[in-house]
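One-letter residues, chain by chain:
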Amino acid sequence: MKRVTRRQAISRVSAVGAIIGAGVIGGIGGYLTGATTGGQIRTVTETVGGATITQTRVITQTLAGAADFAKGLRFTYITHGGEENVFWNSVHLGMQEAAKLTGADAVMIRPKREGDLAQEVAAFESTIAEKPDGIIVPIAYTELLTYVKKATDAGIPVIVANIDAPNPEDRIKAGGLSYIGQYLEPAGYFLAKTLSKYFPRGSHALILIEGPGQVWAEERAKGIQRFLKEYDCTFDRLDVSFDLAVVESRVSAYLEANPQTKAVFSVGYTSPIAGKVLKSKGVPPGQVAIGTFDIVPLVIEWINEGYLQVAIDQQPYLQGFLPVIQLILMKKYGLSAWDVNTGNAVVDKSNVSLVEELSRKGYR
Amino acid sequence: MLNYKSFIVVLFQRKEISVATILLGTITFFYSIQPVFLSPSNVDVLLRITPELGIVALGITLLMIGGEFDLSVGSVFGFIPMFTILLIENGVHPILAIVSGLLLAAAVGLVHGVVTVKTGIPSFITTLGGLLIWRGVSLAVTGGLPKYMTMPEEIAFLFTGKIAPFTHMQMVWFFALAGFFYYILERTKFGNWIYATGGKKEVARAMGVNTDHVKIILFILSSLMAGLGGIIQSMRLGQALPNQGDGLEFDAIAVAVIGGTSLFGGSGTLIGTVIAEYLSRIIENGLIIIRAPSYYFRLYIGLVIIIAVTVNVYILRRSIRSRIES
Amino acid sequence: MSNHEPLVFMKGIHKWFGRVHALQGVDFKVFNSEIVGLVGDNGAGKSTLMKVLVGIFPPDKGSIIINGSEVKLKSPKDAMKYGIEMIHQDVMLAPLMNVARNIFLGREPQKLYGLIPMLDLKKMRIESLKCLKEIGLDGINPDVVIENLSGGQRQGVAIARALYFRAKLLILDEPTNNLSVKESGRVLQFISEAKNQGISSVFITHNLHHVHSIADRIVVMSHGRVVGDFKKDETTIEEVTKLITGEAPPKPELSS
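Line by line, the protein sequences give chains A, B and C. For the first sequence, this note's numbering begins at 1 and goes up steadily by one. For the second sequence, this note's numbering begins at 365 and goes up steadily by one. For the third sequence, this note's numbering begins at 691 and goes up steadily by one.
Same shape as in the complex, but just chain A (with noise of 0.2 Å):
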């Protein structure tokens, strides 16, 4: 056949020292890399972005020696809002800080798309494998039902946050220890009621869907939907999404062709963005009433210039903090766990400073 010659030698033995040099290098740095992150100090930077503001925090953690209590229990929290999803930094925050002040590693897994399923219940199989101590996890689909009762039949407790399951006996059923967020039906209806103060009866509404389809909008809408049907008025559902520049351009279209519509809601927090639709065609606020759900910068910059007049507030802090903190006792002392509704919150003009100084934190 063919001879060899000594450059081709030289090619073949290095071709096979590089794919078993990828080998070991691969097994050492996996192994520095486990080796250094017990007891480190980490610095995590978070750019807090939406389509028009921008803030950086810097949060420091302190992994391990700063307390003991749930040192070596692992948590892992599978959400399925996106990375551009302002919403969730609060919750991984509050759950960064029980993790920090009872020692426990707890980890929040985001998909790269909002409400991406199947990366999601990739990330759940995958997640499941792992046995952590813990799993968080709030029911955007009911297909996830499956994979929380997977999980607790693979003897990890799982506790559901932010969105239960639309029947809470649907979640108990696949082992979902307890319920923690905001009651989403009743609290459509608070705000819808809350907001009424500011548009006569019988009026037009406009209502954003910023998630259609998934289980938390849905709920939320139809709480609203109720409250308006009861204080007869009209309504319009419109489907956007967490892309601020996509709901400006759409609601600006619909208030365009409907101006007869003194009411606009949000299921998630993006109705503020009418306010600035409304401003720049010259509407003087409190003309059209808006009323948005959570805390965002967003939601607070619109308060204060008066376009929107109620945010409802579902403390995402504590939906971060307090499940890590009932996994940690239910590990430890064998307690069970408990359902807490994070309430209804109303920020309106009148506590929106205090609310915005610790949204800066990004505690709110």
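FYI, nobody ran anything at the bench for these hints, they're computed from the structure. Because the structure is a prediction, the values reported are computed rather than measured. Think of the CB as a built atom: it goes at the ideal place given N, C-alpha and C, for glycine as much as any other residue. Hints are not guaranteed to be accurate.
[Claimed, not checked] Straight-line Cα separation of at most 30 Å, BS3-like style, residue types lysine-lysine; simulated pairs:
(1) B:Lys553 / C:Lys801
(2) C:Lys823 / B:Lys565
(3) C:Lys764 / B:Lys553
(4) C:Lys921 / B:Lys565
(5) B:Lys553 / C:Lys813
(6) A:Lys131 / B:Lys526
(7) B:Lys565 / C:Lys932
(8) A:Lys262 / A:Lys229
(9) A:Lys331 / A:Lys71
(10) A:Lys149 / B:Lys526
[Stated by the list, open to error] Output of the computed footprint for chain B on chain C, the stretches with three or more beta carbons under 8 Å from beta carbons of chain B:
(11) 781-789
(12) 794-803
(13) 903-911
Given chain A's structure and the hints, the job is docking chains B and C onto it.
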């Protein structure tokens, strides 16, 4: 002894070596941090979720070798299962509904192909249009709500059933299709035409190859694979989501490139795509297993792309030198 | 003076591109076992005339007669059927594919395994070696990818391919333009070799020395017309140059 040596020579001159090396390195990396990574249950997860995306990557790889792109595969991936469910809801027999869905996928590919080839508009643009159109149709038809899939046991089994430890039907489909496309690409006339059309279209035409037909067929295959992948995922999850497959086109193209397929056409490898698809899922899965924040995924994949392509070029240069000398 | 029927006779060819009258009533003949050098300045119409012969452009007026019968060439594939093959200036080889696959592109040999058709790679390899050997290129490995070959080697492969498929007439468009002196010599050798095997060639070039070294006949074109048609010994390089640049008036047509 001589045969063994030549086998090694050939092995290390192949384009797939770089991605195989990275795969091995990545596996040992994750395993040494957290041995659970290679536990039976985790391996099962990996093998179960990769095929539906890998099938799409196979189609894109062939199309890229032929010199074109398909940015609509994610939207088709989401739209076709939606369409199939709609048919079933309206009383169409499930098998017929699936076949119709696949035919629709092929028709979509035909449209992309004919428009690209006859108008000379770059495929990047025509399929970008496809991306928006089919996603839009998906959302319009469903109002943004997910559709639940009810499929008789036997049919669901045909696409996603478990037939042996670690082996599910979707894996069988994946490897069967990979094998079939490999045969077409490397061992048939048509495959030679694909390489020529993507490598230098004028040459293929001068030698009498109908490059228009070749490209149209490749577009059809790409959309068909996207539709099939979507149907498999929907069967596995029990529903079709309006945003299913969102962004899949970039993942599929990245996988093809990491595996050794050229962005410029005329050169590529299906084996590389298969390896790279597993690599992609392994990275995702591994980062979760070692409890790294999931933000690192994009960073890692970006690094892998750069490393893989650089190593590819390096190995290619070495093999060029040794070939000229032989 | 030969009394044979010409292998190819292009009679009264006209071609318009929009308003440009690229070919203005051109008569062009090639005989068996003959090398014709087709020369002229840029834009004279040499390439266009040959592209008509090879089937890339249909003539607007005039006819093409091959071996005595008139033919209509609708594509290069038609021309190939008559044994006319063009070796383009940018060699028509796919740079990322290997020699064997390029040689058989469009004409791949297949084998049947049961009912499954497969490329006969073995045959492609063996036949490639054979066909390269015919023009003295047996040093090239058929598995080598085209982009790793030198310019002269690539021209050689293209010519070898044409010869293998029983071309009777080779049209070479500026074959030595981008080649070194040594490689140009090789290409001219290939063309002469081909002639020894009974294959005629027309080669378009600017290099009058090349023409003088191997051509049997020299045809000069200018502004879409034939302005000179000589046997090699009937003219000198200076005379041809003057015809090309227009310093001398066209000679009356010589019939052979």
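Here's how the hints hold up against the structure:
1. B:Lys553 / C:Lys801: Measuring from Cα to Cα gives roughly 11 Å; hence the hint holds.
2. C:Lys823 / B:Lys565: Holds, at about 28 Å.
3. C:Lys764 / B:Lys553: Holds: Lys764 of chain C and Lys553 of chain B sit about 23 Å apart, inside 30 Å.
4. C:Lys921 / B:Lys565: Answer violated: Lys921 of chain C to Lys565 of chain B is near 39 Å, above 30 Å.
5. B:Lys553 / C:Lys813: Given that 30 Å is the threshold and the Cα spacing comes to 14 Å, the pair holds.
6. A:Lys131 / B:Lys526: holds, 23 Å
7. B:Lys565 / C:Lys932: violated, 40 Å
8. A:Lys262 / A:Lys229: holds, 15 Å
9. A:Lys331 / A:Lys71: Holds, at roughly 12 Å.
10. A:Lys149 / B:Lys526: holds, 20 Å
11. 781-789: Coverage by chain B holds here, the residue count being 6 at a Cβ distance below 8 Å.
12. 794-803: Holds: 6 residues of the region 794-803 of chain C have a Cβ under 8 Å from chain B.
13. 903-911: violated (count 0)
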